[in-house]
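Novice: Sequence:
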Amino acid sequence: MRLLNHTLNNAVPAMIITYDLAFIGSGMACVTSLISTFRDLLQLDFRLQVPLQIAVVEKQDQLWTGLPYGEKSSVNSLTITPLTEFLTDTVELEEFIAWLLTHKDWVTEYKQLGGSIALDWCRRNEHLLNYQHLRTIPVPRYIYGRFKRDQLTHLLKQVEDKGLVTLTTIKAQAATLKQAGKGYHVLLETCDGNKEWLSAHKLIIATGSLPHRKLNLLQTVPADRLIETAYEPGVEQALAKVQLLLSQTTDVANRNILVIGSSAGTLELLYLLYYRNEINQLLNKVVVLSRSGTLPLPTVPDDVEATFPFLDQLVSADLPEPEAVAEAMLREFETQFTTEISVVKVAKLLGRTKQLLPHMSPREYTYFLMRHEHIFSKRIRRAGKDYLSGSYNLQAEGKLEVLPGKLESITTGDNNELTLNYLNKQSTSTVYPSKFQAVLSCSGFETFDECTNPLITDALSKGLCRINISGKGIWVNNQFEASPNLYVIGPLLAGNVNDILRYWHLESVARLSELAPLLSQSLLRGVFKEEQIIE
Numbered sequence: 001m002r003l004l005n006h007t008l009n010n011a012v013p014a015m016i017i018t019y020d021l022a023f024i025g026s027g028m029a030c031v032t033s034l035i036s037t038f039r040d041l042l043q044l045d046f047r048l049q050v051p052l053q054i055a056v057v058e059k060q061d062q063l064w065t066g067l068p069y070g071e072k073s074s075v076n077s078l079t080i081t082p083l084t085e086f087l088t089d090t091v092e093l094e095e096f097i098a099w100l101l102t103h104k105d106w107v108t109e110y111k112q113l114g115g116s117i118a119l120d121w122c123r124r125n126e127h128l129l130n131y132q133h134l135r136t137i138p139v140p141r142y143i144y145g146r147f148k149r150d151q152l153t154h155l156l157k158q159v160e161d162k163g164l165v166t167l168t169t170i171k172a173q174a175a176t177l178k179q180a181g182k183g184y185h186v187l188l189e190t191c192d193g194n195k196e197w198l199s200a201h202k203l204i205i206a207t208g209s210l211p212h213r214k215l216n217l218l219q220t221v222p223a224d225r226l227i228e229t230a231y232e233p234g235v236e237q238a239l240a241k242v243q244l245l246l247s248q249t250t251d252v253a254n255r256n257i258l259v260i261g262s263s264a265g266t267l268e269l270l271y272l273l274y275y276r277n278e279i280n281q282l283l284n285k286v287v288v289l290s291r292s293g294t295l296p297l298p299t300v301p302d303d304v305e306a307t308f309p310f311l312d313q314l315v316s317a318d319l320p321e322p323e324a325v326a327e328a329m330l331r332e333f334e335t336q337f338t339t340e341i342s343v344v345k346v347a348k349l350l351g352r353t354k355q356l357l358p359h360m361s362p363r364e365y366t367y368f369l370m371r372h373e374h375i376f377s378k379r380i381r382r383a384g385k386d387y388l389s390g391s392y393n394l395q396a397e398g399k400l401e402v403l404p405g406k407l408e409s410i411t412t413g414d415n416n417e418l419t420l421n422y423l424n425k426q427s428t429s430t431v432y433p434s435k436f437q438a439v440l441s442c443s444g445f446e447t448f449d450e451c452t453n454p455l456i457t458d459a460l461s462k463g464l465c466r467i468n469i470s471g472k473g474i475w476v477n478n479q480f481e482a483s484p485n486l487y488v489i490g491p492l493l494a495g496n497v498n499d500i501l502r503y504w505h506l507e508s509v510a511r512l513s514e515l516a517p518l519l520s521q522s523l524l525r526g527v528f529k530e531e532q533i534i535e
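Taking our numbering, the leading residue of the sequence shown gets 1, the next gets one more, and so forth.
What the hints contain is simulated information worked out from the structure, not anything from laboratory work. Worth double-checking, as some hints may not be accurate.
List of simulated lysine to aspartate or glutamate pairs, EDC-like, C-alpha gap at most 20 Å [what the hints assert, rightly or not]:
1) Lys462 with Asp449
2) Lys435 with Asp224
3) Lys385 with Glu401
4) Lys285 with Asp192
5) Lys171 with Asp192
6) Lys241 with Glu417
7) Lys111 with Asp386
8) Lys59 with Asp192
9) Lys171 with Asp61
10) Lys59 with Glu71
11) Lys171 with Glu228
12) Lys354 with Glu364
13) Lys348 with Glu71
14) Lys157 with Asp40
15) Lys406 with Glu228
Distance ranges between label pairs, derived from CB positions [stated by the list, open to error]:
16) Gly163 with Glu481: 52 to 62 Å
17) Arg123 with Leu244: 49 to 59 Å
18) Asp449 with Asp192: 28 to 38 Å
In this text, a Cβ means the ideal position worked out from N, Cα and C, and glycines have one as well.
Please work from the sequences and hints to get the whole structure.
Specialist: Written out as structure tokens, the structure reads:
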């Protein structure tokens, strides 16, 4: 690791290392982008006299993992959906399966690392752990992360051996940035409190999602009873805290946990709570409080002919009004997906909707969907049956209640036990009858209005970035630029509509892998200097 010149203030020093490319964040958005960039470099028909200088800035101890694939997550966290949906690109899917077959020790390794949860998973999927069926199940997520790190490491060695790249990693928090000619200076804050500057011709923000939201209503909960996010400092520490609190409660009826929110993270938590025998044996009940009062539905590989009666009623109309089409579409989403989700059926529904709006360009149709996405996307929250087995089994044992309502307050009583006060579906103040030992927040990520990421807030305040029309992400052009030579990749691209991007969320590895080659083209365009090239 190479650090930059130390400076005691925010003034840019006269001598500063300048990189051709600098990535802020080393998670999967960075990894997929570097893999594509290295592959493109290896295809060059010329050699470089001076290697490209690439820096990667990461505030966490682990490189190349991000939150989902590293130590903050659990080795028992699965891909939320089966492999065929998790990796929609056939080439990527086949590469991963080939890697799994080559590294057959992964099952043994997983059993050693994952304890009772891993043993249960292997037992449930024993008949599927071969080439033909592996693609139909969710697999441990850290294994996919290990595969991507292997890919990156292999390609990095190749480009370094050919003199194409010099890669520098820097452990620091990117705090502020300023334009410097056609490039950027970034102020870094290291773990020991020092401030240092980095300079880059092209800067890539790959910081992942915005930070997890911290609910003000939970600030009255004693610190030893509150887990604001299971990923800080990490899932294993959160589970250990829950186990300790339950074990210290002598009244079995009060060995209860309250979870705020019903996101995918909630589903993951329920899966881990159920299959970790040491916790499940102590647990009386988990109560999940969310406005919808529902959890994600199971994914099914359904390819049957689908009928859409509400949309069909509009077929005879001459160019039906977009709002009439939207109303029919939303009614289809409301009625078609009540017990399970078929990705094929969702695609057919959207295709049928598009047929009723032939005058709309692809961009106009995307805007049309985005105007209503916040409604129908809630109807198609889905997960693989393996993940859902945790919540299903907890419900079957009477240990799970999914409660529709809005958090009003949490009060602390004797022995620091917690009481939930909430507004029910009729907006009536209600006190939940049982006590809780811990509260876990799964309320999702911050919005830009409440963003606590210093680099993002600084870039927005200086006009170097701006929020896109959907309000969900940062605006970029077709080259992934928020400003000239300032690029964005990853979940911060959500809600962009242009010739390249038409996604309302970008937390999917499949989409990152799809976009990475396009970003690589933009990054390498114009990056080579004449003095670097040897014909």
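Novice: Next pair to validate is lysine 435 with aspartate 224; report whether the Cα-Cα distance is within 20 Å.
Specialist: holds, 16 Å
Novice: With respect to the beta-carbon atoms only, verify the hint that aspartate 449 and aspartate 192 lie 28 to 38 Å apart.
Specialist: Since the Cβ atoms of aspartate 449 and aspartate 192 sit about 32 Å apart, the hinted range of 28 to 38 Å holds.
Novice: Taken at face value, is the distance from the CA of glutamate 228 to the CA of lysine 171 at most 20 Å?
Specialist: At roughly 25 Å apart (the allowed maximum being 20 Å), glutamate 228 and lysine 171 break the hint.
Novice: Please check whether arginine 123 and leucine 244 have a Cβ separation lying inside 49 to 59 Å.
Specialist: violated, 28 Å
Novice: Take the C-alpha atoms of lysine 111 and aspartate 386, compute the straight-line distance between them, and say whether it is at most 20 Å.
Specialist: holds, 17 Å
Novice: Can the restraint linking lysine 285 and aspartate 192 be considered satisfied, given a maximum Cα separation of 20 Å?
Specialist: violated, 43 Å
Novice: Does lysine 241 pair with glutamate 417 here, judged by a C-alpha cut-off of 20 Å?
Specialist: Since the Cα atoms of lysine 241 and glutamate 417 sit roughly 15 Å apart, the hinted pair holds (cutoff 20 Å).
Novice: Given the hint that lysine 348 pairs with glutamate 71, test it: the Cα-Cα distance must not exceed 20 Å.
Specialist: Roughly 39 Å separates the two Cα atoms, so the pair is violated.
Novice: Would the pair lysine 59 and aspartate 192 pass a check requiring their Cα atoms to be no farther apart than 20 Å?
Specialist: Holds: lysine 59 and aspartate 192 sit about 12 Å apart, inside 20 Å.
Novice: Checking one constraint from the list: CA of lysine 59 to CA of glutamate 71, max 20 Å. Satisfied?
Specialist: holds, 14 Å
Novice: Could you grab the alpha-carbon distance between lysine 157 and aspartate 40 and see if it respects the 20 Å cut-off?
Specialist: Given that 20 Å is the threshold and the Cα spacing comes to 14 Å, the pair holds.
Novice: Given the hint that lysine 406 pairs with glutamate 228, test it: the Cα-Cα distance must not exceed 20 Å.
Specialist: holds, 17 Å
Going down the numbered hints, you'll see the structure goes against 4, 11, 13, 16 and 17, while the others check out.
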